[in-house]
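*Asks:* Per my numbering, the sequence shown starts with residue 753, numbered consecutively.
The set of hints was computed from the structure by calculation and includes no laboratory data.
Because the structure is a prediction, the values reported are computed rather than measured.
Where hints are given, some of them may not hold.
[Said to hold, decoys possible] Listed below are the simulated DSSO-like cross-link pairs for lysine-lysine, each with C-alpha atoms no more than 30 Å apart in a straight line:
1. 787 with 754
2. 754 with 812
3. 812 with 787
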Amino acid sequence: MKITRVETFPVRVDMARPRGPSILSYRQRQSLFLKVSTDAGLVGWGETYLVAGATETVQKVLAPILVGRDPLDVRRLWREMSAATFNNGFVLGGIDIALHDLWGKALGVPIHQLYGGAQRTRLPVYASLPGYEDHVGPEEHWEQEAVALVEGGFRAMKLRIGRFAPARELPVIARVREALPADVRLLCDANAAYTLPTAVRVGRALYDIGLDWFEEPLSQVGYHGYPALRAKLDIALAGGEGLQTRASYAELLGRGAVDIVQPDVSICGGIAECLFVADLARLSAVQTIPHCWGGAVMLAATAHVVAVLPSPSRLEGFEDPMVELDVTENPFRTDLIAGSSFEVHDGTIALPTGPGLGVEPDEALLRRYAIDG
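Produce the complete structure using the sequences and hints provided.
*Replies:* Below you can see the structure in the form of structure tokens.
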């Protein structure tokens, strides 16, 4: 079997209601889908974030490496592509997902079986809330959205915080916590909104309110302030979603910067690299809960990763890993896969069980929203 073609589908759609974290509002959802075709008729799909230069890098750098090669040489190809792109985790991640999809299809097994089988077939999931809405205060919608998610089957969710002063936001967060059942987990993500002194004050308040983790409160550049912050807090610190190499994760973990590490399969270089990071984290007694903020292909790949992660230690604070499910408006998640929207039941989603990713994108929908890369 040989690869015959590598196609890119950069897509974008306007959002009806712009939403976003502390640092900005998103007015569009966009992604880069990848299709790797073979002379055997098998096709592999991947997805990554539509960052600057990604489409051109796939077309001009990676496609010439891949065409004519055996797609089952997954790691050999990955190493060649890594060298050619200077470890560009975004493009490597998207292609790696597509090659894993082909690998599973060629063998007739789902991706999680390629790594020894699933530890769990119903995957715990948490809702990643849309965040702020322009010209609307958090007092007006955070509590209502959180309660609606519980009614929709979620047992854990994450607020976006940090756009307004803590004196304004902390009482709202407390009201959200009070409005939720005691067994529903509440998390938060500040998207690097705070200085170290403010992060200490906010982190202590969040712990007292009853939140489970505090995600990326400080700048992610080098994660330099995190060890000092972690030493001052009882709440778990989470981070690492934007790192692109295993070396960066080794440095992060070696510094003792986080309690929960969040590799993104489409940023850190792909499925195998994500699992390598999880193994590194386990050696440091750090839990792995992957980041995911894309469409249905990325979500499926993340689900396979979470499925094979070993059950954690039963020490206090360690629970089964969760899948992050971004509930912001996104047709590339909700409409892309016929017959599958990753419906949530009792805080879990079903692990795809078909060959490869176990999902097949609607190519017509991708072409409808396609843009120039």
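*Asks:* Each of the hints needs a verdict: does it hold here or not?
*Replies:* Each hint tested on the structure:
Taking the CA atoms of residue 787 and residue 754, the gap is near 14 Å; set against the 30 Å cutoff, the hint holds. About 19 Å separates the Cα atoms of residue 754 and residue 812, which keeps this hinted pair within 30 Å; it holds. Among the hinted pairs, residue 812 with residue 787 is consistent with the structure: their alpha-carbon atoms are about 15 Å apart, no more than 30 Å.
Violated hints: none; the structure is consistent with every hint.
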